[in-house]
Amino acid sequence: MAFDPVVLFFLLGAVAGLAKSDLKIPMAIYEALSIYLLLAIGLMGGVKLAESELLPLLLPGLAVLAVGALIPLIAFPVLLWLGRMPRADSASIAAHYGSVSVVTFSVAVALLAARGIDYEGHMVVFLVLLEIPALIIGILLARMGTPGTTRWGKTLHEVVFGKSIFLLAGGLVIGFIAGPVHIEPLEPLFFDLFKGVLALFLLEMGLVASSRIADVRQYGVFLVLFAIIMPVGSAVLGTLLGFALGLSLGGTVLLATLYASASYIAAPAAMRIAVPRANPALSIGASLGVTFPFNIFLGVPLYFWMAQTLYSLGG
Amino acid sequence: MQSEEMFLLTVVAEAILEEMLIEEIRRQGAAGYTVTDARGWGRHGKRRGNWRQGGNIKVEVVASAELCDRIAARFKEQFEADYGLLMFTVPVTLKN
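One line per chain: the protein sequences are A and B, in this order.
Throughout, the numbering used here is defined as the position within the first sequence, counted from one, plus 124.
Throughout, the numbering used here is defined as the position within the second sequence, counted from one, plus 23.
Bound conformation, chain A alone:
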């Protein structure tokens, strides 16, 4: 299976956290790294998008969104009935799993780049779009049958103008306008240094996740199993859809990764405002403590293998 050494930095951070090392990435640097990653991913997608026709993307785009919206709708009843979790928690966790993780996506992009496999630029458009419907579905699921009001205005503002969507979409537009020629002066910073910055970011992710790994025991076996089985199931959906839509091998791997990934930046912030009754420790613990490490170490290589196998069978 394909494996990228960049994920070892996550392990290094996790070990530092578990061993109570004094290693700490300063908040300002963490912020700078995340701004860089969001812009770089947006720019990469925008430049690729500038080289492709836009109109034929409409129908596949709708299909990707529709299937993406299925994920929280599948996750919710599983958590509610099989896991016997409270409605608010089930809805919040379902929203986290329907939403996407930029860093998981970045790890998959790095893996593809290392193998010289190209992918469609509009995968980044999907990355931006897939974040939103799952959050809205999650809020609606939490609201069904419960009295009280939802802070919709605040929540939507948090989702759309929160830095993740804003910078991803902004990078995408800038990359699209600039195109492959005019982006050249920015390439050394945003493209060539991408993997090194990703490594530093993963180091911080490892530190943060280690504080969640310690809590995982409290969540029970069900949630841990859910946090591993759900992404694999979603990735199967993504692989089949990517193949059916005629995406390239790289595009299918990224779609599977998007479906499999769980949000831990945009979703927690939005859910904390919109569904305050849900316990954030459960959803962030599952997505960051279990699903994120699973995805970057085993998941992404597995999804790569799944897509490769399907494409070699299906021609």
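Don't read these hints as lab results, they were simulated from the structure.
By construction, the Cβ of each residue, glycine as well, lies at the ideal position given by its N, Cα and C atoms.
Honestly, I wouldn't trust all of these hints.
Simulated DEER-style distance windows between Cβ atoms [to be verified]:
# : chain 1 : residue 1 : chain 2 : residue 2 : range
1 : B       : Gln51     : A       : Val305    : 38 to 44 Å
2 : B       : Ser87     : A       : Glu155    : 36 to 42 Å
3 : B       : Glu83     : A       : Leu197    : 40 to 46 Å
4 : A       : Val297    : B       : Glu100    : 38 to 44 Å
Given the structure of chain A, go ahead and fit chain B onto it with the hints provided.
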């Protein structure tokens, strides 16, 4: 030097609430506020402050006793049930 007896309202809350707290403080007519990042431990677990969702803020307002009470009552009503929230007042002497 002129001195005025006022109250200092200190609110420690989840960082995610910052905008909503500030809006309410302004709506109630406070003359100003100060926000600082904070970390600590309490009934809602350890708040490390190294991750946006995990951070706390400390909001301070100097105002009359009546205004401090009104702001605190609004926060209690809106946020106490679901969010980490700690509020207290101390008498202070305003020096300018």
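Quick rundown of the hints versus the structure:
{"no.": "1", "hint": "B:Gln51 / A:Val305: 38 to 44 Å", "in the structure": "55 Å, violated"}
{"no.": "2", "hint": "B:Ser87 / A:Glu155: 36 to 42 Å", "in the structure": "37 Å, holds"}
{"no.": "3", "hint": "B:Glu83 / A:Leu197: 40 to 46 Å", "in the structure": "44 Å, holds"}
{"no.": "4", "hint": "A:Val297 / B:Glu100: 38 to 44 Å", "in the structure": "42 Å, holds"}
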